[in-house]
Amino acid sequence: TLELGQDISVCARLKTMGVDGVGLGTVADSLAALEQRVVLERRVTFAAIYEGLKSDFAGTQGERLRLMLKASERYCGGGTLGDTWAEAVSRMFADTVAAQAMPAGVSLVPGWFSWSSTIHFGKMVGATPDGRHAGAPVTHGANPNPGFRRDGAVTAMATGIAKIQTGYGNAC
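This note's numbering puts the first residue of the sequence shown at 10, with every later residue one more than the last.
Think of the hints as simulated: they come from the structure by calculation, not from any bench.
Be a bit skeptical, because a hint or two may be false.
[As the list claims (entries may be wrong)] DSS-like mimics (lysine-lysine), calculated; alpha carbons at most 30 angstroms apart, straight line: (1) 172 / 79; (2) 24 / 63; (3) 79 / 63; (4) 132 / 79; (5) 172 / 24.
Let's have the full structure, built from the sequences with the hints guiding it.
Now the structure itself:
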């Protein structure tokens, strides 16, 4: 193709496009915090969390709420609500991407990529139920939030990320 001055896509039989997700730890930890603190423990209401998020956890009560949410079960903690949510979100993401109708010979391949633009992406997102302030960075692709475990076990992170692979060839 180079000799003919053509783009590789002109002669390729199979055309794929990676669709990479970012912020899985932020999403999984947010859903886990809601389930744990509102549904299971009934320590706070959805309405109170909504108000806390709108105000970016302002004031003493807002900070107390933020810290309570931040202390919920985290993704890559090992058998936590965060792990359960990360697996479910990853499955939904992969299935949704793979189900998109594409022209013949073209396919979308889902994956979680460790983006370096997490600061930029985070600036566009308000406060989240995992205790993240508005405008703060979101998590890298498939990575957990910093401080996901007190011991910071690397094997726990590797095990958690291994469980959320999308299964379509685009590694997480």
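Results of checking the hints against the structure:
no. : hint     : result
1   : 172 / 79 : 23 angstroms, holds
2   : 24 / 63  : 43 angstroms, violated
3   : 79 / 63  : 17 angstroms, holds
4   : 132 / 79 : 19 angstroms, holds
5   : 172 / 24 : 27 angstroms, holds
Going through the hint list in order, the structure does not satisfy hint 2, though it satisfies all others.
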